[in-house]
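Just so you know, the protein sequences line up as chains A and B, in that order. Here the first sequence stands for residues 392 to 727, where the numbers follow the working numbering. Here the second sequence stands for residues 85 to 458, where the numbers follow the working numbering.
Each hint should be verified, as a subset may be incorrect.
Unchecked claim - Computed beta-carbon distance windows for the label pairs:
#, chain 1, residue 1, chain 2, residue 2, range
1, A, 457, B, 210, 21 to 29 Å
2, A, 499, B, 100, 58 to 66 Å
3, B, 199, A, 499, 41 to 49 Å
4, A, 495, B, 189, 22 to 30 Å
Said to hold, decoys possible - Where chain A lies over chain B, by a calculated footprint (3+ residues, C-beta under 8 Å):
#, region
5, 95 to 102
6, 122 to 135
7, 138 to 147
For the record, the hints were derived by calculation from the structure and aren't laboratory data. Glycine is no exception: its CB is placed at the ideal position from the N, C-alpha and C atoms.
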Amino acid sequence: MSVERVIQLAHGGGGRLTRELIETQIVPRFGQGPLKGLPDGATLASPGGRLVFTTDSFVVQPLEFPGGNIGDLAVHGTVNDLSVCGGEPKWLSLALILEEGLRFEVLERVLNAVKRAADACGVTVATGDTKVVARGQGDGIYINTAGIGAACPEFSLGVERLREGDRVLVSGTLADHGMAVLAARQELGFGEGLRSDTAPVHRLVRAVRDLGAAVRFMRDPTRGGVATVLNEMVEDRAVGIRLCESDLPLAPATRAVAEMLGIDPLHAASEGRMILVCAPEAEAEILRRWRALPEGAGAAAMGTVSADKGRVILETLAGGHRLVDVPRGELLPRIC
Amino acid sequence: MMKYIDGFRNPAVAAEFVRRIASQGRELAARSRVVHIMEVCGSHTMAIGRYGIRTLLPENAILISGPGCPVCVTDPGYLDAAVALAMRGVTVVTFGDMVRVPGSTTNLAACRAAGGDVRVCYSPSLALDLAKADPNREVVFLAVGFETTIAPVVSLVEDARREGVRNLSLLTAFKRVPPALRALAADPELKIDAFLCPAHVSAVIGANAYETFAAEYRVPCVIAGFEPLDILYGVYGILAQVLAGEARVENQYARVARPEGNLKAQERIARYLEPVDAPWRGIGVLPASGLGLRPEFVEYDAVRRFGVSVEGGRQHAGCRCGDVIKGKIRPAECALFAKACTPDNPVGPCMVSAEGTCAASFKYEVPEAEREEA
């Protein structure tokens, strides 16, 4: 009988086991390109022009959830941040903090997901690091990814460009990631059919690049959900946003669970969606292009930039209206 | 499930109700009448905010949020007793909202940070589990709630007796809705023309429980559910009664609430509990408005078991939660609201509970720019 293979403290000690970990887990997946020969730093060919640079850490629990795991989440999160800044993602760093006792099979599933996601996004894992912390000092795996992208000159994005009458589009259903992770963590016993939306949005951005002038602003509604992104967009501005509750795209399972738990779907995270504000004349074309892509199949217009100075207002199903507040306190701890 | 819910949120039907209510509003205006409708359930308060119901009503149909949240009406002295128990080594188990409710000088969250054993639960059964796991540990459950939650909580006593658990007790602050309605209707300073009665509480106590009250005080009582259409229909029913000069109990929640209520729950409540005079924060002591353990269950009564006092609590001098609960002022009329008192830093209980009137108003009515959070 074999003992289950797990991460040991020595895997982070810099000695033989560290070497073995890198050579068996990292090199076969990412060892081509800049990582070849395991230099201390990656030497990259400049794409020319301006660069976009971002970083994000991932501490989601559970590590694996319906629709994905911490590995693809860590790639998508950084790729999406680059994308909504108008960047074409090029390179990622991958830093792993592993907890002693982590099963190798989990690590392998996570790294496979990183590899698959990076390939799908056309980004190269150019550099990385692995550390191991003692049992009880981590939570299985923490991942940090930093990313570099080439800024697309077609875009000039900024909330100061929002004009009354602009349209607020979203690339798919809201809150699926937040609700799926919450249901998986709580072992709720309901929430069948819930699935995280973790996915890259770079193709959605690429699809509208030539309409750059009509695109005012882009953002991915992760932590804090749509409510937070929209409130940040109009804070201290002369414009506001009006959303129409009946236009909010929501998957039936997500809506049902949010309803049961009393969570506002506008407060819950997506990890594969983007919000885009555009000039009204570009709305139809952007939606047409997005809907032609699988990740944009559920794209919808959900609101309009309005004269409601600094406020986000929801026109409710009942026909009334109310403020859309940012979530307070811990809604869903550690969803990304 | 969502198909069922969607039926109660149909925008076209809502629009029709709004039209009819507007027309009732014009009729009332022709008679120079303003109608104050009080809702006495936190779920109504939240739904009214979430669906912007106030923005749909005519100016002369005014919704007032009454004492609808059990956390908000809990007296500071009760919190003091809970803190005292936790500080002397008792494990205190509570629903989450109670943790931040201010007592006289501190709250359970601060007490926990200082080393008190305070556990937040989603189900009262955690208290029983903890007591069973360690018979040497005294466990007290903070038994707060209206009629809706009382029956499941007293099951703890039933379970503890059956399983021979002797280290579990309840610190009770149960409240009954009908005596509160009576006190509000009788208050000469208040002008309440009608009550929108709570769906879930009514499912337990039954529609009949409001009959004598409605007749005696000549106030229409309409029992309504928590969906936007339920609430609009409830307002419509109330205004129809006012226009017709009627004052009766109308049960619009007959899909769940029966005239006699839930007899099984009532029987269980009566077996373990008896009416007691109870303090309501901001209102005062109301006769027979609470429920306490019957003498034969004294060993499960934390007050007697530990000799703690739930009296003599003090609240923040500037806090006007009492006036908010009574419907005398809207939250924004309190000097502390959205300034010294916010959901992140609550001074009064109406801001603590997610269902509190001030929390709902803050969440759905105060723009970010007008908040002066510390």
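Evaluated hints:
no.: 1; hint: A:457 to B:210: 21 to 29 Å; verdict: holds (27 Å)
no.: 2; hint: A:499 to B:100: 58 to 66 Å; verdict: holds (59 Å)
no.: 3; hint: B:199 to A:499: 41 to 49 Å; verdict: holds (43 Å)
no.: 4; hint: A:495 to B:189: 22 to 30 Å; verdict: violated (54 Å)
no.: 5; hint: 95 to 102; verdict: holds (count 4)
no.: 6; hint: 122 to 135; verdict: holds (count 3)
no.: 7; hint: 138 to 147; verdict: holds (count 3)
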